[in-house]
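S.K.: Position chain Y relative to chain L; hints supplied.
Here are the chains, one letter per residue:
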Amino acid sequence: AGTKGNTATPIGHPTIQATQRMAPLHLFIVNKSGGLIHHRPLGPRAPRIGTNEWLRIGSTFHSLHAIAAEASPVRLPGNKNPYGADDGIEKIEAGGIVLCCLQTRTGVKFVITAEPSTPDLDLMLREIYVLYSDCALKDPFYELEMPIRTDLFTSAVDALLERFDSRGTKVR
Amino acid sequence: MSRSQTPSSILDRPIGRSGRGSGSEGMVSLSAFAYLYSELVQYHQSRVASISELERRLESAGYGVGLRVLELLAYRARETKRETRLMNILHFISSNVWKSLFGKAADSLERSIDHADEFMIVDYEPITSTFVSVPADLGQLSADAYISGIIAGVLEGAGFTARVTAHSVAVEEGEYTKPPAMPNLPPRKDKAVFLVKFSREVLARDAALER
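If you read the sequences in order, they're chains L and Y.
Take -15 as the starting number for the first sequence in our numbering and just add one per residue.
Take 54 as the starting number for the second sequence in our numbering and just add one per residue.
By construction, these hints were calculated from the structure, which means they are not laboratory data.
A few of these clues could be false.
Said to hold, decoys possible - Per the computed footprint, the stretches of chain Y lying under chain L, defined by three or more beta-carbons under 8 Å from a beta-carbon of chain L, are:
(1) 80 to 88
(2) 184 to 190
(3) 237 to 243
These figures come from a predicted structure and were not determined experimentally.
Think of the CB as a built atom: it goes at the ideal place given N, C-alpha and C, for glycine as much as any other residue.
Bound conformation, chain Y alone:
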């Protein structure tokens, strides 16, 4: 993108340092994101009356991100066809979307045994909850509701209606062997599991395409 004159103020310059590593997507410091996200959570927390409403607000904040990320990645990858199959869009999310947002692919993509319409994306170190300690009186809250909003946005934009929720599940001994991303913090005790529950029409359509 050429400009006739160099950008004059910091607001005109692109975020992050461009030309670093692969692609034109720059990288933003984790601390900057952590502070901004912490303020987002505090902003909503002072305006809600219940935990589930806070999660809903975080999810809707991430929803817009999901819609835009889908468009951006599809454009940059010069895709001429869009995904119509369930497994393909899930693979797209757990590898491409995750890589462009967080710099690494999601740790695993699983299908639920009990329910045919449920899938799980697992991330052992989500950046939205790296520095968060949820107090005891907010028990079930997952700070990763933002990421589940992103996933929901991507799926909705691609034409797969789904309900996505974030859960913190304790990590078993020896389950995760990679060294922690933050060397001065102790290894995380929970992983984030994003449960994706597709609507019936989506499953029926996918089954029809199978034949």
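Same shape as in the complex, but just chain L:
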């Protein structure tokens, strides 16, 4: 709709055209019961949101996802998506933000929000899914469906972000 992004430009930061901005903003992970198990900002322009707000956002998204699956007029036979369940919200595009979601077969949803022209969001989501299955699921001290507090996961996501940053547009 042509509105500028709702993120404020920090003082001293050179102003960039809204259409040229491309950076991931936030990552949040919702477990199969709708509880939020992880949230973190992914870039400098990510707006700061309080923890309670995050919990509300997580459970609201979970419900919306479930309703969207029911409200969809076309039900696809079989599962065409090799990476997760077929129905539900995959992408929401708005004027200043784009939201991408990956739902796994176990019901865990990985959601990433980013500025409009950010490339490779689904690739990023799949890599984060791999990191989750490596660092959280193989850790004996991580309880399933509980908030993720493993340092390895956090530093692995940091490293992933650096890789995506430095590579620019990844060659497929």
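M.R.: Frame of chain L, contents of chain Y only:
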């Protein structure tokens, strides 16, 4: 080994893919081992009251592995003599045992300066703790206690009584230059140091053999 008929169920077939690379030892996926080991740790954690008891249980789990690995490797290498010298058995552990279990030799074998009866085997990327993040309230726990149990088993089976403990030591800048084994994970911040403390009789016997 010939069979009269092909194995019928998955339980009769050997683990891992045989005929791969060198020797008849197959390889098992790291993920499979990681999940199994994670369950082993969780199983014991729900039954112990302290960190040191958890480490002891992991060590005793590895002890049996050590005894069997020693027999198996000695048999496969067609050794007719057994090791009687300290340095030889330590070399055997840090190269042969490590290679057959983890696919690579241990990164270094050192002798302690302060104590004559202490040796250290260093591994920069032990597979038992590749995916483990120890929470702050379990501070000193090392998930590699299993490997120290394996080392203790091998030494005990070979006739060298020793006490082996695992420690996580922070890696200094530039100490480890090889690329990490797991490309999507960040490089490890700690290395595992296995401290081997031999009993007095073993040292006395070794000194006597020296003469």
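S.K.: Hints first: check each against the structure and report whether it holds.
M.R.: Right, here's what the structure says about each hint:
no.	hint	result
1	80 to 88	holds (count 3)
2	184 to 190	holds (count 5)
3	237 to 243	holds (count 3)
Hint compliance for this structure: no hint is broken.
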